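Peer 1: Starting from two chains that each stand alone, build the complex the way the hints lay out.
Residue numbers (my numbering), protein chains in the order written: chain A, 1 to 510; chain B, 1 to 324.
Don't take every hint at face value.
[Stated by the list, open to error] Pair ranges (Cβ atoms, derived):
id	chain 1	residue 1	chain 2	residue 2	range
1	A	468	B	66	53 to 61 Å
2	B	137	A	410	41 to 49 Å
3	B	66	A	359	44 to 52 Å
Calculated directly from the structure, the hints in this document are not laboratory data. None of the values given here were measured: they were computed from a predicted structure. Each residue gets a CB set at the ideal place from its N, CA and C atoms; glycine is no exception.
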Amino acid sequence: MSAQRSRLGLYALVGVIFVLGLGHTVYRHLYFDVPLIPGQPNVLWNIEARVEFFAAGEEVEVVLARPPPQPGFTRLSETGASVGYGLGLEDKGPYPVAVWTKRRAQGLQQLYFRIQVMRSHLPWSQRYIAPPPPSRPEPMEEPFATAAEALLDEAYARSADSASMARQLIDALSNTNPDQNARLLLDGFPNVTLAELIVRLLQLRDVPAATIQILLLEDGRRRQTLRPFLSVWSDDEQTIFPLGLNEEEATLPYLIWQATGGSVLDLAGGSRSRVTFSMVRAENRSFGTLPLSSSARQGWWDFSIYSLPVAEQTLFKTILLLPIGALIVCVLRILVGIRTSGTFMPVLIALALIQTQLLTGLAGFLLVVSAGLLIRGLMSRLHLLLVARISVVIIVVIGIIAFFTVFSFQMGLFEGLKITLFPLIILAWTVERMSVLWEEEGAREVMIQGGGSLVTAVLAYLAMTNAWVQHWTFNYMGVQLIVLALVMLIGNYNGYRLTELRRFRAMFEK
Amino acid sequence: MNWRMVSPGRLREAGILGMNHRNVDLISRLNPRRLYPLVDNKLKTKIALAAAGIAAPRLIGTLRTQHDIADFADLVGPLDGFAIKPARGSGGKGILVIVRRRGDNFIRASGTEVDLDTLEFHVSNILSGLFSLGGTPDVAFVEDLVRPDPLFRDLSVEGVPDIRVIVYRGFPIMAMLRLATRASAGKANLHQGAVGVGLRMADGQAIRAVQFSKNLESHPDSGAPLKCIAIPEWDRILTLATRCADVTGLGYLGADIVLDRQRGPLVLELNARPGLAIQMTNRAGMLPRIAAIDALDAADFRRPPEQRTEIVRRLFSASAPPHV
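The shape of chain B in the complex, shown without the other chains (with noise of 0.2 Å):
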């Protein structure tokens, strides 16, 4: 294990964001309780953003009581991909892909054969708390299938990649995209091992990989090159993640984008406590994009969407490093 460290005043030159300083001072200043449940329950999520017009995957129909279950079957009757999710899982747990049919069954993301019982047991489990936190029980939903981009055809193994918008004060200010793994099981949590691409915030274009906390140049299931990925209709990507901030009501979040091969980006899900392991990936720190913002004049903060994204790129156009 490496030991090293570097010293604080050179984190605070780069303009590191520190778990203590995000918890203080943007988090319980920003993000009030009461906003909470809003964000931490996925179809109230979805609920939300749907009465604001923001596009997200389609909801098929939710399951509420152990005797929902029965409907189930029908529900999914005339689709081919969908997925189940618990409304309060955490960290992408309790969620269940399926990409398409085998006759009576069902073939999940990662390739295997399922068959109607085990999906029912699945939503069963859900209902009865077993992925909720402190296992309270819990509300299952089942959504459109996200058919993704072609061009991330070999980026992500068993999981969508999705975006990570950070948006502070109505304004996005850092993103990076994620990448599941076979060592983060599907999953897009940067710590259990999955790949994060920082985004540049002014075109969209990659600015390094890095897995566990070291730099990558190519993904590590798939081979497949990351220094060279750029997004597609990233305004969008920006201006859906603004509005997610005005909907929720809080100063810091983080929304998951996801974009979809017909539709375009759609948001996933939102955070209310988004993670620092953004600022690796973009090799930059928040806090100096933070101050961007505070200087901002009042004028500014009222401003619609698309123009709040206007003045993010053009402010952060010429801070952003160059390409690795």
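Excised from the complex, chain A in its bound form (with noise of 0.2 Å):
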């Protein structure tokens, strides 16, 4: 018969794809050393920084420093925000700044610069943070100069480099018990910070160091300030003190703000500046986890997502996981023969999840689908076309939106704001689709698609987040192959469907 022999023709092709997939990811693996376990989840931090002045009335010019390319980070956003501000990020200068403008300001002013950065081993940049200009010290006076030449001369002797110059008078500033040199600059200069004061020690001996600015990360943490560092230029190479810093904080990574003992923040037009900072941390498996040495290799046969900028990989990782979602759709409505509400939403309500946090945004969807219901049966007696009711039915779930984001915000739940993120044209969709549902087949059948929908859209969120699922299909193109190939056979199975085994249950019941 014709059917056979097209069957057959079926799984050869299934085959095919699956052979061509599985031999991708082979390949993969072993030519590119791509493990096959997902590793450690990437650390990325969410940094504000706030700046608060008092304006005096004429125009306004705030410079704040950002913070310059440096090894171990990436950044991957930077965003000012500052109602009738002109906001400007220069990277020109001698070192990068945001610079905000205005006209006229008076009283009170709040400006927000947030950078997103990424712990990460591939470079944001390999450049290396370029020494300050030498500046020329004024000469100390007496009898501070006699006691930073004896110092100088005693550190200079046991030391073979500017780091380990450096290192030498750090020990000697800051030791519990400073010798009779040590006390009298300290003593001397008792406004000035460790870090100051042994940068113009150093630069008595043309040594380049400078005061560099960094940021403690610490997650959770509000109105942090910056701490001030020694960095000491040696040839190429830029040496880190940390100073001043308790044991734990000693153990933080931190990310350079200002790094060439420049301010941090120029004010003018204002009085009473200041900046603090706060932080969030943040993980996140969908940037790269590969070895830069595995990724350099690789071509464009090898249809790497790590060759594309690091938003657009973002972007592309989301449409990677949607064959992931199809292929449980799948599962459920051919093998499980779970009822949904129109085929795929239940996917597009998992990507929203995946934005929201399961809970946070279940709970959000229930309420904005269940008070569109509300309004859409209040509606159904005027008896409008459909696309002017959908239409109707949007406007009214962003109406019902903006109610619950300001409603949670001003009861300080910050959870609520993550409501927007579902997306909105689904919601009105699946409000128009119940609430006809509710009408032709009663409250039932919406319970049964809309909790199978439910049901069907976690499982795919759970799929989708899941750690060794992402690390596969963000690695492995040949994934995608095996899951078509999988959703082709199931495209084909013409056996029972998990729940027809209880319906047709009835047929052996006396």
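Peer 2: Below you can see the structure in the form of structure tokens.
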């Protein structure tokens, strides 16, 4: 029979696709050393700098230093928020800055600069941070000059290069029981930080050195200030000496905010300025976890998404997860027989859940859909045409979302804001479908299909956020072909569904 | 809720046709997409059936634009009873049945009295797509009222009982009687709560009655006994269904047939995706019957409908299970 022959053709095609996918996977593993096991998640830091000052009622210019490219971090995004200000992110000068300007400002002003960085061995820039231009220090007065010379001579004698000399000076000056020269200098410059004092000393010997400003990264900290660290340059190497940290602080990672000894915040047209920092740590697996050596060897034929810019990678990785969601839908609908409202709507809900986190997302979804159903129910008597009806539902859904967002924010529930991540049109269609279903088939069917959709969405969410699934889909394009083969195979399944085993039970009952 | 299940082996043994099997092997192979519009549009079905000389409720008139509604009163003027239907309504949506008149008003099948304005508003709703899939603009038509055979007097509440015949590759293979109930709100779909009574292919005798997957002895609303039903004019009904398959070209078809008091069997509508619950009303799976049809000689598929019906009645007379 011809049905038999076409089925053979299908199996052959499925086989070819499966072998191709498996082959590419094996090839990538063996040839490029792509690990089979997911690595550690990437650590992301969301940092917010808040600038506050009192404007004097004239034109205002605020210049805030921004973190320069540095080893150990990759910058993912930078934004500024400030009502009525013009904002420019400049990279041309000696160091990167954010510049806010306004023609006229009066009273307390608050400006925000936000940056998202990722701990990474992939270079944001491997660019070595250049030493500051040599500044001719003013000579010290006596008796400090003699004491400084004595300290420097001693440090010089005990050291091999600029870095070890700086280390000797730090030891001498931060000793709990400093010698006479060190005591004299420390007492003579009481308003100067240790880092600044050592920079002044080193500059006397023309050693390039600067006080740099760093931010200690600790999850959930607010209203932090920058710490001065000592940085010393010798030849092409920069050595950073963390100073003034307690034991706990010394274990924290840090981000260089100002690398060249210049100022962090410059203000014209205001006074009493200050800048504070808050930060949140996040983990994410959707960024590259491959060692640089393996991704550098890849060509276009390897279809590696790591050749794309980071922002495009994130977008693309979401797309790569969709087939997994589609596979889950196929399994649940064809093999299990769960009824859902809208074939792939559950996958879209799952995508939204990835953004909002599971429980927040589910609560928000149920809230918006039930509120939408209520209003749609009131509206059904108006007998509007379909397109207009859906449009009304969209507008109502936007209203509901706006209400809940503002309401939850006022209540101090920051999670409420995430509701906006649900695709609006999907929500509106869900409301419309459910209400039509309610009118035609009754509440029971709404529960069955709505529940089926949510169960499917949650399962798809669990699959799509699984560390292994993410690792495999992001790193092995061959997995997409394997999923394709599986879906084709399922599409050809003509056996019983799991739910039918229950449905047809009545056949055998007396 | 009862979660007890039966093993797939037992279902296979009983020859139950599952949803996946129906979709993959019957609908997608035997029912080409291009043939769907003919059955999904009741008006097109009606016209095609009339052209082929197949008996169906008489078409009184069609209303295609809101402007046509002005003619509605003239259209139904001489009629005592009639039905207003949307051409593309699904699951019995939008069907309004008038059984008689009282003065200027109309009495619906449910007994409620409505005036002309209400009917015109209903037609307007049909035209703007309230009942069609996806809300696309639709066409309304008016047809003769079916007056069911007196046999069915106590068997159906609010709706006309119909006989669903499954036709596979031009051979009727399974049939059931569908009775509307209060639970199904006058609709004949089993999942909405209608009662299904399985019918023997050999003689149209009832096999058993089922509502919501449960056995029934009598009609849940009227109490009329269900297991001694015997459908008259059985031969004509099966032949009618068979001819529908020939007209539409569909290899897997559900034909819904009513028995009119005066005109006998009439085709009400056709379905390209008939459901699977019919197997439960018959206490029999469809797969053995499909296999039996597939095993017939190629020449048998070219025989006229009357002879094919005769083949089926002989083929399935032995396999029909005894009365329950």
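Peer 1: Against this structure, judge whether each hint is valid.
Peer 2: Here is how each hint holds up against the structure:
Checked against the given bound of 53 to 61 Å, the beta carbons of residue 468 of chain A and residue 66 of chain B, roughly 59 Å apart, stay inside it. Evaluation of the 41 to 49 Å hint for residue 137 of chain B and residue 410 of chain A yields a pass: the beta carbon distance comes to about 45 Å. Distance hint check for residue 66 of chain B and residue 359 of chain A: the Cβ-Cβ separation is about 50 Å, which falls inside the suggested range of 44 to 52 Å.
The structure fails none of the hints (numbered hints given earlier).
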